[in-house]
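Q: Chain by chain, the residues:
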Amino acid sequence: MTQATDTSSRTRAQIADRTLRKDPWWRAPAITATLLTIWVLYATVHVFLGRWYWVPKYHYLTPFYSPCISGSCATGSASLGTWFGKVPSIIPYALVSLPFVLGFRLTCYYYRRAYYRAFWRAPAACAVREPHKTYTGETRFPLIMQNLHRYFFFAVILISVLNTYDLTQAFRGPNGDFGLGLGTLIMLINVMLLWAYTLSCHSCRHITGGRLRHFSAHPVRYWIWTQVSKLNGRHMQLAWITLGTLMLTDLYIMLVASGAISDLRFYN
Amino acid sequence: MGYQAQLRIWRGDAGRGDLADYKVEVNEGEVVLDVLHRLQATQAGDLAIRWNCKAGKCGSCSMEINGRPRLACMTRMSTFGENETLTITPMRTFPVIRDLVTDVSFNYAKAREIPSFTPDPATKPGEFRMQQVDVNRSQEFRKCIECFLCQNTCHVIRDHTENEGAFAGPRFLMRIAELEMHPADTADRREIAQDDFGLGLCNITKCCTEVCPEHIKITDNALIPMKERVAGRKYDPLVWLGSKIGRRQVKDTPKVPGKK
Amino acid sequence: MTDIERHSYDVVVIGAGGSGLRAAIEARLRGKKTAIISKSLFGKAHTVMAEGGAAAAMGNANSRDNSQVHFRDTMRGGKFLNNWRMAELHANEAPDRVWELEAWGAVFDRTKDGKISQRNFGGHEYPRLAHVGDRTGLEMIRTLQQKVVALQQEDAVSHGDPEAMIKVFAETTITRLVKDGDRIAGAFGYVRDSGSFILFEAPAVVLATGGIGKTYKVTSNSWEYTGDGHALALLAGAKLLNMEFVQLHPTGMVWPPSVKGLLVTESVRGDGGVLRNSEGKRFMFNYVPDVFRAQYAETEEEADGWYADPENNRRPPELLPRDEVARSINSEVKAGRGSEHDGVFLDIASRLPAEEILRRLPSMCVQFKELADVDITKEPMEVGPTCHYVMGGVEVDPDTAAAAVPGLFAAGEVSGGMHGSNRLGGNSLSDLLVFGRRAGIGAADYLDGLTARPAIAQADLEAAAAEASAPLERPGGENPYTVHAELQDIMTNLVGLIRVETEMKQALAELEKLRERVLTVGAAGGRGYNPGWHLALDLRNMLIVAECVALAALERQESRGGHARDDFPQMSPEWRKVNLICTLDGDRVHLSRQPMKPMRPDLLARFDRDELKKYLTPDELPAPVTPEEKH
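Protein chains in written order, with our numbering: chain A, 1 to 268; chain B, 1001 to 1260; chain C, 2001 to 2631.
In short, the hints are calculated from the structure, not lab data.
All figures in this text were calculated on a predicted structure; none of them were measured in a lab.
Errors might be hidden in some of the hints.
What the hints assert, rightly or not - Computed, partial: chain B to chain A, Cβ under 8 Å:
1. G1067
2. P1069
3. T1153
4. N1203
Stated by the list, open to error - When the alpha-carbon atoms are kept at most 20 Å apart in a straight line, the in silico PhoX-like pairs for lysine-lysine are as follows:
5. K2033(C) <-> K1259(B)
6. K1234(B) <-> K1255(B)
7. K230(A) <-> K1217(B)
8. K2614(C) <-> K2597(C)
9. K1234(B) <-> K1244(B)
10. K2369(C) <-> K1143(B)
Even glycine gets a Cβ: it sits at the ideal position worked out from N, Cα and C.
Work out the full structure: start from the sequences and follow the hints.
A: See the structure below:
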């Protein structure tokens, strides 16, 4: 304390309004909540559908089913082989990767902000009173698990490698030689952006160089850190864009696989 | 060019008070603080405002203007419509002294709990050698003018007074980050950042960054990197294993004691 | 009788800016129980406004720099009116004070080899200012603040109470110094938030209250700069020195009106910015005075070459000392070559890439963008002179910072002498550190030599309390805001940048009328955080200071540094030997002359005889050196 007088009797200004903000502060959390809900509903439906995830002719596999390890997987789609027998699609075919992908996004520093604001409303917007009586933040289970973000990051690096492998397969035409279709390009864009999102992660920024006290003693790591930091500045945008490209990629492959449309081929 | 602005200003003390209506002349290029000064000089000589430099450098005139935490000296009247009523209230998180002035001693108490800069005692003044790339991060945080708008806005204490003891607030978690990234500092404040200063209470909703008049990226550059450092210290199984088998010894710096 | 909260300390430091905090730290390090009285919150002092840097001849950027060169530059900048011992101490000790800050946690910008970077500034021969972008003052105040906290943390461990040995009394204003006989016995004031009275019983008081800028309308100074320390010293019987020297910083903002006077850092020019008139001409080449002719470039090519190759080119005239630049801008505007809003153009946009401007001058970019809608990376700034600093102040002993009253010390802007008639940019921050520390030592040594603590008479307290309460008892009295505005108008219009006898006489007459009105100002409302009341009390101080400035300015019949007379445009070696001393005789300001102590021969020998001729009278000059002796 630097005050000389007794200050214990003082209280805050008693203002009843939840907020005095006049701008449409509720708009951003409402948009976030809507978009995230739509995405989660869409993804849930397709993940548990058990069909239209693989285009055998052009070797397109949707990321929602990669790696396909269930015995129920269509011939040719199981790049890592099948790990068990036929099961109903209530067991997702990519159950070995989906929890990590989901966990990576759930513990992502950007998504945390988005869903704390949009769904938990803690707070919905700055200087807008939140509706909860108590607040413990990320100090207790389950939210203390947010600290495991870096392990999800490591796992997602592996999954991104797998996505890249799936992309290389999509460059094969019907006869196995080089081929190129609109689906290939969509997958290419998706994989590139997934890498960008993954590498722009705050944990990645920490691991590659942020944890150092002396950048000057580690010039290579400092260079990597500056590049990751640049990407990290766009982490929020990448988080949203990759939700879009994931959905687009999956939707396109689903439409081609179901026969609703046919792939636009540029070569072979 | 001038016009009459409608103001509603919270007036009162010890928490009791109400919004009072005023009409004040506004001229071209003026900021909210100019208008409050005119109000003081012409209609309400005892209107309590805290201000110093009127240049956005001292961080004294923090208040809430139309519900948004702002510096009155850096908020231009031209950002509002001429017919818009401006509602001006004191910072909500701190106890009111009078009118727009709040008791911010909470912040000074928190500042005193954080272990200070701890250089290697062998390094004498004049012998420090640090590269610009090594000090850039700490320098960003040292731009802080201690306006305490981030402290005021952070919902962890704004909406939950019960957390005041356990939470140092963005400004002081950033101070910890500044020291942890200082190339010549030797202490390790990661554990106390989590256990004593409430880094775990932060849910990175970024309001501190949003209101910072110095545009410091508090969340991305200070709080999240600190959370990652804490994860490395406290929630990393490999580090934990290392410390158990004696490969890595961590020496935590304790929090500074207060008055006995 | 009102209740008065009493505290007992060894040393009371009034002011929590750079010099106050440095003094307090030193007193505490020497084992004295120290109170810091801050008119504002802790860490908000006017020092935060300092932008450019702290001048210290560390020689990091140019190894030829040393304290002798720094001393020379300081004396030249002050036109040889400086207290030469202070200038010497300052030049010698500034590097240690800056290095010490670094050890306390200050994070300065770096050179390539990892040392503290130093930048160019007006009047400094070599790059000399340790800096942090354009927010050096903030770095300094924060570092000192954090050092106070670090000491409190030590005391929490050793004494069980962080405030056992050093305590900050924030938002507390001192209205009177109290004496026991002729010695200082304490300080009386009020706590802003409650309005209650507070007394500090202390044998030693350090004044570190800063300047007087709020007596002027167009100023870069903050709310606190009401000349409190100057007035307190006078009221306690101390002397003010050379109060006519008020520095107008050449580059303040001029538009919009609400920010008129706001500082535009000299670093803009130090980093390559140039001044142009409405015809687009770099007019400063026309204004290099004879005394500086040898050191400044004559062509744009040479001036531009200096930034990269200072060995073979002379300095650009934009980097002349501040008084020269301010007057030059004034002349351009008067000649009709000013900008739309009676300023000139300061152009950095065409001189550096946008990215570099953003990196070196971040707060300037924000200041212009947010307050004037000007993007300084694309367009020039409009600037004009603004009241910035008072060179005059409490007369002190150079080594101990002791004022004429035993137990009273002064450091920083409130003290006088160090900067002569004009302060060089960057010399202020180092001044605060060097003499802040010396004042702390001075106070500690004074205490050690004391046999008994002084006592305070009840009658003095009652008088002080009555004086402070008076405006509250006149709720219908004159509006203090109106009186303040009139005082500022008088000083700005009549005792401003260019002065003439008739105007100053008029100013003194109007101040005389204002004196009556200051006695009748009243404050409506209660005691708690009542700004009207606070201003009413500050008016007493501003009026005393204004009278000193006007009287001294009228007396000094020459032009030198921060004092420019239209009717006496020349600098006079005879007047250089004269210090003007302001004292208080009852409630009347009294002015007298005091001879300047001749400079020590070894210091004199640091200058060329030819240069000294421009400043000194023939009988002051050292004997000419014969060719044999020179060898």
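Q: With chain A as the partner, please determine if G1067(B) meets the hint condition of a C-beta pair closer than 8 Å.
A: With a closest approach of 3 Å, the G1067(B) hint holds.
Q: Has the given pair, K1234(B) with K1255(B), been kept, meaning a C-alpha gap of at most 20 Å?
A: holds, 17 Å
Q: So if I understand the rule, the pair passes when the alpha-carbon distance is 20 Å or less; does K1234(B) with K1244(B) pass?
A: Holds - the C-alpha atoms of K1244(B) and K1234(B) are around 13 Å apart, at most 20 Å.
Q: Min Cβ distance, T1153(B) to chain A: is it shorter than 8 Å?
A: Holds. Min distance 5 Å.
Q: Would the pair K2033(C) and K1259(B) pass a check requiring their Cα atoms to be no farther apart than 20 Å?
A: Within the cut-off at roughly 17 Å; holds.
Q: So, P1069(B) near chain A? Judge it on the closest CB pair being under 8 Å.
A: holds, 6 Å
Q: Measure nothing beyond the straight line between the CA atoms of K2369(C) and K1143(B); if it is 20 Å or shorter, mark the hint as holding.
A: Given that 20 Å is the threshold and the Cα spacing comes to 18 Å, the pair holds.
Q: Under 8 Å is the threshold here; is the Cβ of N1203(B) close enough to any Cβ of chain A for the hint to stand?
A: Where the cut-off is 8 Å and the nearest Cβ of chain A is about 5 Å from N1203(B), the hint holds.
Q: Is K230(A) within 20 Å of K1217(B), Cα to Cα?
A: holds, 13 Å
Q: Is the straight-line distance between the alpha-carbon of K2614(C) and that of K2597(C) 20 Å or less?
A: holds, 18 Å
In this structure, every one of the numbered hints holds.
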